[in-house]
Structure formats: structure tokens, C-alpha cells
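Going by the numbering used here, the first residue of the sequence shown is number 1462, and it counts up by one from there.
Hints were generated in silico from the structure; no laboratory data involved.
It should be emphasised that the depicted structure is a prediction, and the values quoted were computed from it without experimental measurement.
One or more hints might be untrue.
Unchecked claim - In silico EDC-like cross-links for lysine to aspartate or glutamate, where the CA-CA straight-line distance does not exceed 16 Å: (1) Lys1478 with Asp1630; (2) Lys1466 with Asp1623; (3) Lys1466 with Asp1576; (4) Lys1478 with Glu1615; (5) Lys1478 with Glu1589; (6) Lys1478 with Glu1639.
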Amino acid sequence: MARGKLIVLTGPSGVGKGTLLRSLLRRHPELYLSISVTTRAPRPGEVHGQNYYFVTRSEFEQMVMSHQLLEWAEFAGNYYGTPRQAVEEQIRQGNWVVLEIELQGARQIFQSLPDTLGIFILPPSMSELEQRLRGRAQDSEEAILRRLERAKTEVSAADEFDICVINDDLDRALDRIEAALFAPTEAATVAV
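Input sequences plus hints: build the corresponding full structure.
The structure is reproduced here in C-alpha cells:
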């Protein structure tokens, strides 16, 4: 049986992680996307069990206390976490599991599962990241400024990851991620 693998995809808010991940999963449906648990309210169009598992704060805190999460973090006033059981089962079955998580959660994963492959998505520049956040038109000015400040800290941690990919062009960034995952000997030259 093939050996399972855990892959962590991280980067600042607005960098395009979700778009890259959706494109990667379309190209590689054999990858298993772990669905996170969150205490935030669903956004329009989001479906429980498909986009996130939406739970109350007390339900989330119970999951933390009973060690049902591989990692968890608080972001923008809400909790986010990765359910342990589904990830471990997929890896045992030899599947590759992808987590799209925040820096704090990625650090927890690296500490407890050091064989995890870490991919950090970088913006072409901080000004481009600001344009993307503003272009989404879903956050207040205060929230945008908070996200930009947090992004500076996150970008400075990029060297903690195995591979860094600049999302300057969606197709090019996706090709770099694929090279890192499926042609590891080329990853060092392709994904810088």
C-alpha cells in the first residue's frame, strides 16, 4: 500500500490559497481535502460538512479538551481546527491529505507530525495583497488593516516551510505546487 502524506498549505489571508487549492483538487481528485471545524458563521453559499463543520464555541472547546483536533487556532475572533480522526484514517489508507490552515495551526502540525510537507503561498508584494483584500469587498477597513498587519508576521515565517510559492500568476503558482508534490527532485529549483 502507498504511504500516506500530510501536506499543509499556508499563507496570508487574500493570497489565493483557496483558489489554488480548488484548482489543485480539480487536477488531482485523488488528494483528500481535510474539512476544518470553525465557530464562525457560514458565509453565503457555504455548506456545513462541505466548506466547514460549523459548531458553537462550547462544542469546539469540548473538541479541544477531548483531543479531537490535530491543531487549532483563534483567528479574527473565531476558532478554527482540523479534526484528527478523518485525517489519521486517510493517511492510514495511504492517501495524501491537504490542510489549508493558518500559520499557528501549521506550527502545531509541524511539531507533532514533523514529516508533514509545508507549502507557504506568498503574495507578489504587500501592495498586491492589499489590492486583493480590498477587491474581495467583504471586510471592513479595520479588518483589512488587521489582516495586512498579520500578513507581515506570516510572510516573515515563510522560511519555516519546505516550499515557498509566489502566487503572481495562478497557473504558474499551481504548476509550482504540482512540481513540489509530484516531482520532489525538481521542487527545489521550480518552487522558489
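Now for the hints, and whether the structure bears them out:
1. Proposed proximity of Lys1478 and Asp1630 is supported: the alpha carbons are some 12 Å apart, at most 16 Å.
2. Among the hinted pairs, Lys1466 with Asp1623 is consistent with the structure: their alpha-carbon atoms are about 14 Å apart, no more than 16 Å.
3. Under the criterion of a C-alpha separation no larger than 16 Å, the hint pairing Lys1466 with Asp1576 is consistent with the structure, at around 8 Å.
4. Of the pairs offered as hints, the one joining Lys1478 and Glu1615 holds, with about 14 Å between alpha carbons and a cut-off of 16 Å not exceeded.
5. Only pairs whose Cα atoms come within 16 Å are accepted, and Lys1478 paired with Glu1589 is accepted, the gap being roughly 15 Å.
6. A hinted pair counts as satisfied when its Cα atoms are at most 16 Å apart, and Lys1478 with Glu1639 qualifies at roughly 14 Å.
Violated hints are absent here; each numbered hint is respected by the structure.
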